[in-house]
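Here the protein sequences line up with chains A and B, keeping their order. The opening residue of the first sequence carries number 1 in this note's numbering; numbering runs sequentially from there. The opening residue of the second sequence carries number 1001 in this note's numbering; numbering runs sequentially from there.
Calculated from the structure, these hints are not laboratory results. Predicted model only: the values in this text are computed from it and were never measured. You can trust all of the hints, since none of them are fake.
Stretch by stretch, here's where chain B covers chain A in the computed footprint (C-beta under 8 angstroms, at least three residues):
no.	stretch
1	42-49
2	94-104
Residues from chain A that keep clear of chain B, each with C-beta distances beyond 10 angstroms, as calculated:
no.	residue
3	S28
4	N30
5	N62
6	Q69
7	D81
8	D86
Beyond 10 angstroms from chain A on every Cβ pair, some chain B residues (computed):
no.	residue
9	G1016
10	S1027
11	R1067
12	T1117
Glycine is no exception: its CB is placed at the ideal position from the N, C-alpha and C atoms.
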Amino acid sequence: AQTVTQSQPEMSVQEAETVTLSCTYDTSENNYYLFWYKQPPSRQMILVIRQEAYKQQNATENRFSVNFQKAAKSFSLKISDSQLGDTAMYFCAFMSAGGYQKVTFGTGTKLQVIP
Amino acid sequence: DAGVTQSPTHLIKTRGQQVTLRCSPISGHKSVSWYQQVLGQGPQFIFQYYEKEERGRGNFPDRFSARQFPNYSSELNVNALLLGDSALYLCASSFGPGQGSSSYEQYFGPGTRLTVT
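Produce the entire structure from the sequences given, and follow the hints as far as they go.
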């Protein structure tokens, strides 16, 4: 079974600064997908960024980028130029490329952006 | 385009009762998955339905059941409610397996907050 670990329950960052959220996962599979989801206090889960395991290039979406280290099973999220609207719970998630589309989530990191 | 919609938004039930939650996927999406999110935790996978068939089931008791309709909307049923079933129930839709390069991306609805008293 796959597991996803987020070791930072809470983090804070000053507005306009950069912050990195950590995530590690455990799997015996070679083909899979990794995601970062954002859940603001309004509770709607929003897909922030995704990475296919077969791609060596790190994914980037505007101010959000990842550092994907397949051998180390590490998948961190970097948020640049943090904005107040980035305040939310961030969940790292894993999905196998085979079988059914079950997403396994970590326990989340609560990010607070300070004005 | 409309996103994933869920109804109702909030629900209060008594122990032992039954509840039905509803989900409408994004237009064009054929797969619907259900997740339970207990306060302070990440979502836990309950079911995936694709083309009206159950494709995956998480570690939940048989009190939990679901179905998918010809229009790809879905219902989640929970029987004999327990206090521990109190949670946010999330529905997610995707194109489904083998439907293109982004077929695996799941998009979530706003959730239904279920409180069992």
